Amino acid sequence: MNIEGEGKKEQFSFIYDKYIEKIYRFVYLKVDGREAAEDITSKVFTSGWDSYRKDENIKNIGAFLYRIARNATIDYYKKRDKAKVVQMSVMPEAEDQKTDLHEQAILSAETEKVKSAIQNLKKDYQDVLILHYLEDIPVDDVASIMSRPSGTIRVMIHRGLKDLRKELDVKEI
Amino acid sequence: MDELIYKIKFLKQIEPNKEWAILTKIKVFESSDSHRDISVIPVRRISVIAVISAIFSPSYRKGFAYSSAFVLLLVAGMLGFAQRTLPGDPLFAVKKITEHSQFALSGDSEVQNSVVNFKNRFHDLEKVLSNQKAGNLSSAKKEIKDATKELANAIQASAKQTDVKEIAMEIKNNQVLLSFFEDYELKQESQILYKAISEQMIADMENSATTTKQQETLKEVKNLCENGMYFQALEKLLLADRD
Chain A
1 MNIEGEGKKE
11 QFSFIYDKYI
21 EKIYRFVYLK
31 VDGREAAEDI
41 TSKVFTSGWD
51 SYRKDENIKN
61 IGAFLYRIAR
71 NATIDYYKKR
81 DKAKVVQMSV
91 MPEAEDQKTD
101 LHEQAILSAE
111 TEKVKSAIQN
121 LKKDYQDVLI
131 LHYLEDIPVD
141 DVASIMSRPS
151 GTIRVMIHRG
161 LKDLRKELDV
171 KEI
Chain B
174 MDELIYKIKF
184 LKQIEPNKEW
194 AILTKIKVFE
204 SSDSHRDISV
214 IPVRRISVIA
224 VISAIFSPSY
234 RKGFAYSSAF
244 VLLLVAGMLG
254 FAQRTLPGDP
264 LFAVKKITEH
274 SQFALSGDSE
284 VQNSVVNFKN
294 RFHDLEKVLS
304 NQKAGNLSSA
314 KKEIKDATKE
324 LANAIQASAK
334 QTDVKEIAME
344 IKNNQVLLSF
354 FEDYELKQES
364 QILYKAISEQ
374 MIADMENSAT
384 TTKQQETLKE
394 VKNLCENGMY
404 FQALEKLLLA
414 DRD
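First to last, the protein sequences are chains A and B.
Counting along the first sequence from 1, when you hit position 124 you're at 124 in our numbering, and nothing is skipped either side.
Counting along the second sequence from 1, when you hit position 35 you're at 208 in our numbering, and nothing is skipped either side.
Since the hints were made in silico from the structure, they are not lab data.
Since the structure is predicted, the reported quantities are computational estimates derived from the model, not experimental observations.
Hints should not be assumed to be uniformly reliable.
Said to hold, decoys possible - Interface residues of chain B toward chain A, partial, derived using beta-carbon atoms under 10 Å:
no., residue
1, L177
2, I178
3, K182
4, F183
5, I187
6, W193
7, K200
8, V349
Said to hold, decoys possible - Derived DSS-like pairs (lysine-lysine); straight-line CA-CA distance at most 30 Å:
no., chain 1, residue 1, chain 2, residue 2
9, A, K115, B, K180
10, A, K9, B, K191
11, B, K269, B, K368
12, A, K43, A, K123
13, B, K191, A, K123
C-beta atoms are modelled at their ideal positions from N, C-alpha and C, and glycine is treated no differently.
Using the sequences and the hints, build the whole thing.
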């Protein structure tokens with residue numbers, strides 16, 4: 001790799017260190033378990049690096065990575081739902097475990113409840129709540145990630161919180 | 174609503190596995206590279222034929238000659254196999270003995286040999302991670318800790334500045350190595366290494382610093398070292414060297 005390539009690699013290395021935890025957490029909260037989260041996160045950064053080294057004019061690398069992550073989780077759901085259809089037709093229905101036993105041991109009971117509640121929300125509501133409240137991304141940047149107007153994002157945040165409260169109240173009963 | 178937001182923020186405790194994160198980083202960059210970027214000097218291989226030829230003399234009896242050949246081929250096979258072992262494997266000690274023999278015969282300086290040893294152990298650790306050999310990990314970590322200390326000691330004893338600067342550049346530019354130092358309980362050893370390199374470079378700078386800017390840099394660097402910030406001192410020294 002030439003000197004320019006090495007420079008880009010070093011830059012992306014810093015970007016990786018900055019976002020690995022955030023992207024992983026975003027993906028983990030949306031998929032079924034650590035293995036799936038690791039697999040998708042790995043693909044996000046591979047794809048991100050591929051784009052970055054070809055074109056450095058990515059204005060907001062964080063938003064770019066989150067967009068890839070969103071699309072990757074959408075693809076994951078599509079494949080998972082297809083697999084479930086096949087599975088149900090030929091095999092006894094398997095229990096849909098959102099978190100495996102190992103992760104349950106690590107996460108506190110309360111965290112597990114919140115995670116589970118978030119996973120029961122509409123996908124878009126999940127995204128806005130995770131991005132805005134958990135990852136502290138401003139509304140305008142969330143809007144950029146989700147390709148929606150800022151006003152729409154604010155409405156989605158409000159509705160997402162309302163639905164999340166209902167989910168958590170149900171779990172506490 | 175505040176309580177709800179607080180509950181969401183509590184999810185920040187979700188973190189990826191550190192080893193997985195480092196391994197993934199390697200794989201991300203590997204996926205685009207056709208060649209490895211890490212400058213590892215390959216382990217020099219012993220000429221086994223030369224060893225056999227030297228030992229084998231035509232005056233031996235046939236039977237003894239054949240059995241000796243068999244034993245030597247067995248040993249050669251073992252040595253060859255040992256080259257591919259990793260820390261924690263049964264024949265890894267054989268690999269290290271082979272490497273040290275090469276060092277002794279090479280005529281290179283102690284620093285250069287320590288660098289090769291350090292790079293080999295780093296390469297071993299990478300292989301352990303990429304092959305996900307959890308059983309070898311603690312041995313690999315121990316090996317690289319020892320190699321780091323050995324390199325630091327060799328640098329402290331060395332008078333040649335060129336060796337030290339080259340090592341400093343390699344370490345600074347190797348993000349994977351820096352991640353290892355940060356994440357693999359190697360902080361203490363890495364600090365010893367950074368300290369050794371910084372002290373050598375400071376000594377060199379003291380002899381050659383003439384301009385006001387150089388004198389100021391020297392003062393800053395010494396201050397960083399006094400506060401235990403050896404890596405930052407090293408970065409400053411390398412920048413100053415480039416100027």
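Now for the hints, and whether the structure bears them out:
Here the hint on L177 (chain B) is kept, as its CB sits about 6 Å from the closest CB of chain A, short of 10 Å. The interface hint given for I178 (chain B) holds, since its Cβ lies 5 Å from the closest Cβ of chain A, which is under the 10 Å cut-off. For K182 (chain B), the shortest C-beta to C-beta distance to chain A is roughly 6 Å, which falls under 10 Å, so the interface hint holds. Taking 10 Å as the C-beta contact cut-off toward chain A, the hint placing F183 (chain B) at the interface holds, the least distance being around 6 Å.
Checking I187 (chain B) against chain A by beta carbon gives a least distance of about 5 Å; that is within 10 Å, so the hint holds. For W193 (chain B), the interface hint holds, since its Cβ comes within 10 Å of a Cβ in chain A; the closest pair sits about 6 Å apart. A distance limit of 10 Å between C-beta atoms decides the matter here; for K200 (chain B) the minimum to chain A is near 7 Å, and the interface restraint holds. At about 8 Å, the closest approach between the beta carbon of V349 (chain B) and any beta carbon in chain A falls short of 10 Å, and the interface hint on this residue holds.
A distance of roughly 10 Å separates the Cα atoms of K115 (chain A) and K180 (chain B); the hinted pair therefore holds under the 30 Å criterion. The suggested pairing of K9 (chain A) with K191 (chain B) holds, with an alpha-carbon distance near 20 Å, which does not exceed 30 Å. Proximity of K269 (chain B) to K368 (chain B) is assessed by CA-CA distance (about 27 Å); at most 30 Å being required, the pair is judged to hold. For a cut-off of 30 Å, the pair hint linking K43 (chain A) to K123 (chain A) stands: about 20 Å separates their Cα positions.
Between K191 (chain B) and K123 (chain A) the alpha-carbon distance is near 28 Å, which keeps this suggested pair within the 30 Å criterion.
Checked against the numbered hints given earlier, this structure breaks none of them.
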